[in-house]
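A.B. asks: Line by line, the protein sequences are chains L and F.
Number 34 in our numbering belongs to position 30 of the first sequence; there are no gaps in the numbering.
Number 178 in our numbering belongs to position 177 of the second sequence; there are no gaps in the numbering.
Please note that a few of the clues may not be correct.
[Said to hold, decoys possible] Each computed DSS-like pair below joins lysine-lysine, with the alpha-carbon atoms no more than 27 Å apart:
no. : chain 1 : residue 1 : chain 2 : residue 2
1   : F       : K319      : F       : K375
2   : L       : K169      : F       : K99
3   : F       : K156      : F       : K99
4   : F       : K375      : L       : K123
5   : L       : K123      : F       : K380
6   : F       : K75       : F       : K99
7   : L       : K73       : F       : K375
8   : F       : K254      : L       : K169
9   : F       : K319      : F       : K118
10  : F       : K55       : F       : K75
11  : F       : K319      : L       : K73
12  : L       : K169      : F       : K328
13  : F       : K55       : F       : K118
14  : F       : K99       : L       : K73
15  : F       : K254      : F       : K156
[Stated by the list, open to error] One side only, chain F facing chain L, incomplete, derived with CB under 8 Å:
no. : residue
16  : A77
17  : G81
18  : L210
19  : A226
20  : I234
21  : T235
22  : Y299
23  : P303
24  : T306
25  : I355
26  : D356
27  : G383
Just so you know, the hints here were simulated from the structure itself, not pulled from any lab data.
Ideal Cβ placement from N, Cα and C applies to all residues, glycine included.
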Amino acid sequence: MAYYDRSSAGDNLARGLGWFSIGLGVAELMAGRSIARWMGMEDKTNLIRAYGVREITAGVGLLALGDPKPWIWSRIAGDAVDMATLAAGMKDNPRAGNARIAFGAVMAATALDVVCAQKLHQEEAYYRSLPVPDYSDRSGFPRPVSAMRGAASDAPVGEDMRTPKILRFQPAQSQSANS
Amino acid sequence: MRALVWHGANDIRCDTVPDPEIEHPRDAIVKVTTCAICGSDLHLHDNVMPGMEKGDIVGHEFMGEVMEVGSEAKSALKVGERVVVPFTIWCGECDQCKRGNYSVCERSNRNKAMADKLFGHTTAGLFGYTHLTGGYAGGQAEYVRVPMADRTHIKIPGGLTDEQVLFLGDIFPTGWQAAAQCDIQPTDTVAIWGCGPVGQMTIRSAILLGARQVIAIDRVPERLAMAKAGGAITIDFEEESVVERLNELTGGKGPEKCIDAVGMEAHATATLDSMYDRAKQALMLESDRAHVLREMIYVCRPAGTLSIPGVYGGLVDKMPFGMAMNKGLTWRMGQTHVNRWTDDLLNRIQEGQIDPSFVITHTVPLDQGPEMYKTFRDKRDGCIKVVLKP
Ligand SMILES: NC(=O)c1ccc[n+]([C@@H]2O[C@H](COP(=O)([O-])OP(=O)(O)OC[C@H]3O[C@@H](n4cnc5c(N)ncnc54)[C@H](O)[C@@H]3O)[C@@H](O)[C@H]2O)c1
Ligand SMILES: [Zn+2]
Ligand SMILES: [Zn+2]
């Protein structure tokens, strides 16, 4: 099973990155045009907005319960896409300086993402290395299961807990409504 | 006295609080000798159940010795008697109680007006379980006030350990009712989602009630091993497709009876609906993750029965109701009518037909309770059931 612990160091970092994703995503979505203009890449406004949606999705995933690892990996993949877009946009761009600043910021975030992913995988490896206790002798029954099957079929169960006879799955002959 | 107190999400502490006192002539005060953490307590710990307030004492699976009895409970209960306390408080006099529907007692919830608004009609008062069900102080404490104590108790004869009988107050009858309300036939396949303590009790109950085949679903290896020990065929939902395996094991027809012993905190699996639930829950647009319910509706044999002991708190989304309706499924669900079953189950324990203490993996003093909530929730250290000693 995939182990994760929603109170570990790796998890706290993942949550932090989740909030960061949401913040960045909202900014990209709401201020896509200004961001694009600042980087001299106005033709990419819609793309930046789409990236905003991607960031918000990853952020929600990281903050929700459950395993954060897939979401961290999705962030790393997203970072790569961001960097590719920025690199392409720097050619013949009078504002390439600003695009370079953005590129640096994405690189810093990527580094954090990678650290977080590593931590989470280390934690999983640690949990996996712990011995699995052996509960194979804990049946709760005094005798083998085969001897216990149906031992309580006489138990008092009120009519209100019963299924109407016609709905019981019994061998075919007793199924007829008229019998 | 010392008690486990709710302070907010992920924040249960062992605090010193005032001792409880008799407030009503039907009350009794019980000195707790043993109590347990229930899967339902995790919903409070994780703050996914509405209606908790800072300072609430938690816990609803407990037993102990009667210390003091109010004047109107004296005919039924004596000081010094040993009792398990059921988590559902019941009056014994209302229409529902007369039918044995104790978990929907009409009179034991002192916040009836609030519950009437939220649920349409009130359900029973519960110990340590939100103000919607009365806001009664719970049993993870040294002492507890038991309202309507002349009814709300199970007397325990000598010769049995606390560990053998403690679960009569909750998870044993819960597993039992989950299986009993399926009306298990000797030809039935019973599929049980969740191998936590409730799932484990359900597996044993289904075997005792005579199911031909019991299939248990989870992903935690030691829980699956314990399920197997109890007679179940196991499915690890992270390794295999639950639907495919269930169809394989039932000649393609699906199980006749499906039981949800997981509830509203179902684990996300790699399916679309799970991702959807997680996102909506994080945005607070949905309170309960219903992956298991959807899977049960899908895989259940038409005209089969769904039994739901797993707790849900509010709204679920994307429920394939058309599928359920067209397949003509029967739904059985609810909090357990504990006292309806306990005479019979106590007998079975005494006769040695079952010993529910098999499920206990951790026993610690009460003040270690807060850590154990986390160990239990995160399934660390092979933890399946935690017992606390005040
Ligand atoms: N109806 C009642 O009166 C009553 C009484 C007690 C407990 N409960 C409820 O029963 C439920 C189980 O309680 P518990 O003490 O066993 O808790 P638990 O949390 O220990 O057990 C839940 C189990 O379900 C497994 N699980 C999670 N997602 C799953 C999935 N998608 N498929 C299959 N298994 C999955 C988990 O791994 C875990 O082992 C809880 O919702 C609890 O509130 C109801
Ligand atoms: Zn419980
Ligand atoms: Zn009543």
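A.B. asks: Each hint needs a verdict: does it hold in this structure or not?
C.D. replies: Hint-by-hint comparison with the structure:
{"no.": "1", "hint": "F:K319 / F:K375", "verdict": "violated (30 Å)"}
{"no.": "2", "hint": "L:K169 / F:K99", "verdict": "holds (25 Å)"}
{"no.": "3", "hint": "F:K156 / F:K99", "verdict": "holds (20 Å)"}
{"no.": "4", "hint": "F:K375 / L:K123", "verdict": "holds (20 Å)"}
{"no.": "5", "hint": "L:K123 / F:K380", "verdict": "holds (20 Å)"}
{"no.": "6", "hint": "F:K75 / F:K99", "verdict": "holds (21 Å)"}
{"no.": "7", "hint": "L:K73 / F:K375", "verdict": "holds (20 Å)"}
{"no.": "8", "hint": "F:K254 / L:K169", "verdict": "holds (20 Å)"}
{"no.": "9", "hint": "F:K319 / F:K118", "verdict": "holds (25 Å)"}
{"no.": "10", "hint": "F:K55 / F:K75", "verdict": "violated (34 Å)"}
{"no.": "11", "hint": "F:K319 / L:K73", "verdict": "holds (26 Å)"}
{"no.": "12", "hint": "L:K169 / F:K328", "verdict": "holds (18 Å)"}
{"no.": "13", "hint": "F:K55 / F:K118", "verdict": "holds (22 Å)"}
{"no.": "14", "hint": "F:K99 / L:K73", "verdict": "violated (52 Å)"}
{"no.": "15", "hint": "F:K254 / F:K156", "verdict": "violated (44 Å)"}
{"no.": "16", "hint": "A77", "verdict": "violated (22 Å)"}
{"no.": "17", "hint": "G81", "verdict": "violated (30 Å)"}
{"no.": "18", "hint": "L210", "verdict": "holds (6 Å)"}
{"no.": "19", "hint": "A226", "verdict": "holds (5 Å)"}
{"no.": "20", "hint": "I234", "verdict": "violated (11 Å)"}
{"no.": "21", "hint": "T235", "verdict": "violated (11 Å)"}
{"no.": "22", "hint": "Y299", "verdict": "violated (18 Å)"}
{"no.": "23", "hint": "P303", "verdict": "violated (10 Å)"}
{"no.": "24", "hint": "T306", "verdict": "holds (6 Å)"}
{"no.": "25", "hint": "I355", "verdict": "holds (5 Å)"}
{"no.": "26", "hint": "D356", "verdict": "holds (6 Å)"}
{"no.": "27", "hint": "G383", "verdict": "holds (4 Å)"}
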